[in-house]
Amino acid sequence: MSPSTLGDGARTSRAASPNPLLRRILVTLALLGAVVGLEFGFDTLVPDVALQQLVLFALVNVVVALSLNVINGMAGQFSIGHAGFVGIGAYTAAIVAGHIHKALGVDDILFSNSFIVMPAAILAAGGVAAIFGLVVGLPSLRLRGDYLAIVTLGFAEIFRLVIATAQTGGDVEGPIAKFLAYLGGQNGYAGPDRNGVPQYAGPFWIFGAAVVAVIIAWRLKFSGWGRALRALREDEIATASVGVDPTRYKVTSFVIAATGAGVAGAMLASMRNGNPTVQPDQFTFAYSFDAITMVILGGSGSVSGAIVGGVFVTFTVKMIEQLQRFESVQALQAAYPSLDLNALRMVVYASVLIGLMILRPEGIFGEREIIRRKPRQRVSHAPPEPLPARTEAEANPESETGPLTGKAEK
Amino acid sequence: MAMKILNALITGLAQGSMIALVALGYTMVYGILKLINFAHSEVFMMGAFLGFFGITALGGKDAPLVAGVGGTLLAMFFAGLLGMLVERIAYAPLRTRGKGKANTRITPLVTALGMSVLLQNLAQLLFTAQYRGYPQLLPIEDTRKVIFISAFSVMIALQFLVHKTWMGKAMRALSVNIEAARLMGIRTSRVISITFITGSVLAALGAVLYCLDQSQVYPTMGVVIGTRAFVAAVIGGIGNIPGAMLGGLLIGIIGEMTKLTAYSGLQDVLVFTALIAVLLVKPTGLLGKASIEKV
Numbered sequence: 001m002s003p004s005t006l007g008d009g010a011r012t013s014r015a016a017s018p019n020p021l022l023r024r025i026l027v028t029l030a031l032l033g034a035v036v037g038l039e040f041g042f043d044t045l046v047p048d049v050a051l052q053q054l055v056l057f058a059l060v061n062v063v064v065a066l067s068l069n070v071i072n073g074m075a076g077q078f079s080i081g082h083a084g085f086v087g088i089g090a091y092t093a094a095i096v097a098g099h100i101h102k103a104l105g106v107d108d109i110l111f112s113n114s115f116i117v118m119p120a121a122i123l124a125a126g127g128v129a130a131i132f133g134l135v136v137g138l139p140s141l142r143l144r145g146d147y148l149a150i151v152t153l154g155f156a157e158i159f160r161l162v163i164a165t166a167q168t169g170g171d172v173e174g175p176i177a178k179f180l181a182y183l184g185g186q187n188g189y190a191g192p193d194r195n196g197v198p199q200y201a202g203p204f205w206i207f208g209a210a211v212v213a214v215i216i217a218w219r220l221k222f223s224g225w226g227r228a229l230r231a232l233r234e235d236e237i238a239t240a241s242v243g244v245d246p247t248r249y250k251v252t253s254f255v256i257a258a259t260g261a262g263v264a265g266a267m268l269a270s271m272r273n274g275n276p277t278v279q280p281d282q283f284t285f286a287y288s289f290d291a292i293t294m295v296i297l298g299g300s301g302s303v304s305g306a307i308v309g310g311v312f313v314t315f316t317v318k319m320i321e322q323l324q325r326f327e328s329v330q331a332l333q334a335a336y337p338s339l340d341l342n343a344l345r346m347v348v349y350a351s352v353l354i355g356l357m358i359l360r361p362e363g364i365f366g367e368r369e370i371i372r373r374k375p376r377q378r379v380s381h382a383p384p385e386p387l388p389a390r391t392e393a394e395a396n397p398e399s400e401t402g403p404l405t406g407k408a409e410k
Numbered sequence: 001m002a003m004k005i006l007n008a009l010i011t012g013l014a015q016g017s018m019i020a021l022v023a024l025g026y027t028m029v030y031g032i033l034k035l036i037n038f039a040h041s042e043v044f045m046m047g048a049f050l051g052f053f054g055i056t057a058l059g060g061k062d063a064p065l066v067a068g069v070g071g072t073l074l075a076m077f078f079a080g081l082l083g084m085l086v087e088r089i090a091y092a093p094l095r096t097r098g099k100g101k102a103n104t105r106i107t108p109l110v111t112a113l114g115m116s117v118l119l120q121n122l123a124q125l126l127f128t129a130q131y132r133g134y135p136q137l138l139p140i141e142d143t144r145k146v147i148f149i150s151a152f153s154v155m156i157a158l159q160f161l162v163h164k165t166w167m168g169k170a171m172r173a174l175s176v177n178i179e180a181a182r183l184m185g186i187r188t189s190r191v192i193s194i195t196f197i198t199g200s201v202l203a204a205l206g207a208v209l210y211c212l213d214q215s216q217v218y219p220t221m222g223v224v225i226g227t228r229a230f231v232a233a234v235i236g237g238i239g240n241i242p243g244a245m246l247g248g249l250l251i252g253i254i255g256e257m258t259k260l261t262a263y264s265g266l267q268d269v270l271v272f273t274a275l276i277a278v279l280l281v282k283p284t285g286l287l288g289k290a291s292i293e294k295v
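Chains as they are written, first to last, in the working numbering: chain Z, 1 to 410; chain A, 1 to 295.
Excised from the complex, chain A in its bound form (with noise of 0.2 Å):
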């Protein structure tokens, strides 16, 4: 039993630091432009397709190591542009429109839903809706160590990014304020663009370890996926960047426990009952702090 304990443990850390890396791009867009970006799911589905292509083309099993990094760098390179893409449709051309009129509160809502949407069937179109396995390049254990220490670094460098960098300084004051970041000579629509570029990449890094572990991609895997990180967002305090990473591996954690107990296929009840406890006990998440509006 404690072995089974261990094991669920290690499973889900590996798991966590997956969804983890989703989970960072929804609280990095979150704490830029206040907006949940729905397509954030698809881009983390177009990025498990992109590798699976790569990873084939490349020569999958006969060549795991060209295959599996070359597929990875393919599927994250693709999906930054895709998640610049995505924020040059759908959001940049709301942000420039003045306010005032009716509803403008839930319009980039919509637009995000509708590139999600978008997104998803266009998949559909594309590659048909059939599940595809992807080749296995490593063996389980392997892969597990693999992704965990992948995922940890990118974590760390990512650290490294908004806190030692320009570009980080700037995109911390643009969440801090938007208007005084302009006033200030940050270049705004580039620095968001970069937002959505990173997090793009790291969604697409995440669905390759993901696909690697669990070997399948279809065009809604996104949307269960999606939601975890968003929750795992959520429960680390959405907009913190330390927060969605401890978001992610409790959230894995607790679902690999969970396959311990008879209830295995409530797994995602126990994850929404979270969301709910965390939003009713303290909505700022673990690690988020509570702001004072000012009007």
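Here chain Z stands alone, though its shape is the one from the complex (with noise of 0.2 Å):
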């Protein structure tokens, strides 16, 4: 087959299938409509406003474990705080939001002043927990070993304390103190009057930050990037070899997983109907851990893993919140004061997540997909060169410009 053929072929089945620009404007299309039909018809799609917050619970923590999955589940590098930069990402949202809010001087919630809002929120939330991810990532992941877990576990942890604890009443002196009064301690921060976190986040919002959250995840696990990534995960030293830097890799995807927890706590702040007040007990350990469950349980690197982790793991958190107000088991913890089904709940995840271990490492997807991507061929339209059959400098090794006769000698 002589390489025009080659050429002519591929056209062919290139031409067979649609365009694949107008393909990719129609989805996107189609992806935008259903986004902004979910903002209207939501509320008569499900009716149930317990069920509606579980909804848009579960896709933020659809959003939680995808980042969580670039640095957990492609890089390989442990990090076990990521409800730190969710926290921080609340945070930061809910006090851009609580003042442009205020600077708007729109009492209701407008779907239209959403767009003004939302973006800022969002950039805002995110470029603060992305500067954290850099400034925490950058001496832990410069090292080899597991300095990141223990790093982004202190991280977490002093986040929270440092509000927690933080003095509230009385007077303050210097400006963090200062400021740390002014997100309100143990009670959480709740605006600049104190009376709520404007709830912009609604299922437009949410649903398109998932759906954004996807299609980038699944970019970057098939991109030259996500690759690299991969195969530093398996062989640091080795793709070291070949020209990636190690270092780099590392801190980017690091960075991008701070950025994406930062948006998802973001939304979190927001949300429709949710807690109107950022509460540092919201963003324990429990949290993260809930996170690391929902990426190690669906399969670390498998975007679809991820999802089904984040919605599997919400669904069984708010069950147990639901299962608490049954009259049997309030009767049952009467009777017995130690018995915390949350930390029963937690005692289980961790029982599962060792056996998971030990017995099925890689999860349960693997790092597989449930859609398999279909392998798709770059053609060129240039017929492919022919290699040369002898290079250069054996075709005539007199030649000065040999790589052995080199010019290190000249």
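Hints are computed from structural coordinates only; laboratory data are not their basis. Among these hints, one or two may not hold up.
Interface residues of chain Z toward chain A, partial, derived using beta-carbon atoms under 8 Å [what the hints assert, rightly or not]: (1) PHE78; (2) LEU161; (3) PHE289; (4) ASP340; (5) MET346.
Reference listing, derived: stretches of chain Z covered by chain A, where coverage requires no fewer than 3 residues with Cβ under 8 Å from a Cβ of chain A [claimed, not checked]: (6) 138-149; (7) 209-221.
Virtual Cβ for every residue (Gly too), placed ideally from N, Cα, C.
Two independent chains are provided; combine them into the complex using the hints.
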């Protein structure tokens, strides 16, 4: 087969499938229509407010899981303080959204105004979380070994403790202490006038964020960048030897993960009908551990796994909350005061995680996806040049430009 | 003011020697397995609970000597058992499995973290989340002296164990090269078990001493102390036993000194900043030696 027929064959197969650009635009429009439709149709689709909450919270957790998946699954670095970055995003977004809402001067939460508030809140939350991610990630990812784990753990715990234990009453001195007092300590931050953070993130923003996060995670995984990252995970030294800078890739992926967590935090802070205050207790180690469970259970490195894990973990968490409302459960708790269902859930999760690591360390999906990605060949229009049978140096060994005779002698 | 600083220094040394006892467990396990044993802080917590129950059962305030010594020994014994159990359940099964599968690097970290969460919530279920005070066995000044003396004698004993006994030699051999040590006829899994037991026993001792001084036991107490102890191990040079002691003392003194300033609540922020600074400037720690990684 001559090169030209090869090219023709490829071209006909390209023509058979619809124009990729057109397809991409159509898919984008369809997704956009779907999210806008959800914004107005969500109430009729899911009439129960508790269930609405559950769905929105599950989607936020999907974003959390997808972002953690970048660093834990794809890069193979163990970050266990993801709740800290979600918390930073939530606080930042709450402050930004609260102040813009106040400046707009409209008391109602209007959908049109959300296009002013939410982009600013998301950008600020993602940006601040990214900066913290860089500060935390750079020193610990420069080194081999598992320093990132302990640094992120310490970071998240300290972030929470500093806010929770800040002195809020009486006179506080110094700009840091004043700022911490402004954040409200244990009671949480409830907007500039203490009447609640404006809840602009309706289904449009939360579904939209989840869809964008899925697309970004998918593109990242199958990009050259994602491949380099996975190569680094398998063997850092071998990958570094072919020109991939380990520190740069690891730090970048960590900053991406932190940004994603920040955006998820922004959604959490301004979720419609959600908690109107941002409290430090929302971002305990238990939440970080839930995020890890989402990623590991589903299969580290798998986008579908992170989605399934995120939804599954959210539903079980909420189920426990629902269970606690039953009378029989309450009677049982009265009889055994030490029966803490949430602690029981954590015990079960931890046992499952340990068992999973021993029996099936790759998680449910491993690195596979539910939808198989079709291998697509990039076709260049020019026929490929045949490889020369002999290199230039072999062809005329007397040539002074040959690699062995080298110019170094000159 | 000078008196205040001196007092803070003494309290800091007592605090630091307890942190050092916990840090030793991290550093010994890391030295051999290159693994952060997240469950170590929970073994510390469990040790504190065991000590609490032991001391109360043996008479508490009425018989300070019997209760103190007996309770501490009881806590050390059971914590050692717990440490061995943790290793057998969560780490040993992973060690025997071959490499080559994706993500083998983070699997031991996940089980370590899982074990930590498991123990912490188990404690919550068994002992409830309430705070419990230790019985005051000695006046506070004497407690500090006891802490300091017992911590230091244990550290000297540990140095003896590591440098003068066959088992210590085996531990050091494992930390250099596990495979080679196995070929030399060392039963590696037994040595690893003993390392975990030693670390856990030290953590339990540290826990009882800590509670005698600070007098509160609760299921999540391990997190803060665990982080401080790990930072101490890194500052001293992780894998290095005298380094962990030095790091622990430093953290203790830094902590007490910050209490003198207006920012007493930011003690852990400072500890954390110290960790970042050490990782940036001298990642091998104060006493650690840089090693070249061979492929």
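Check each numbered hint against the structure and report the violated ones by number, ascending. 7
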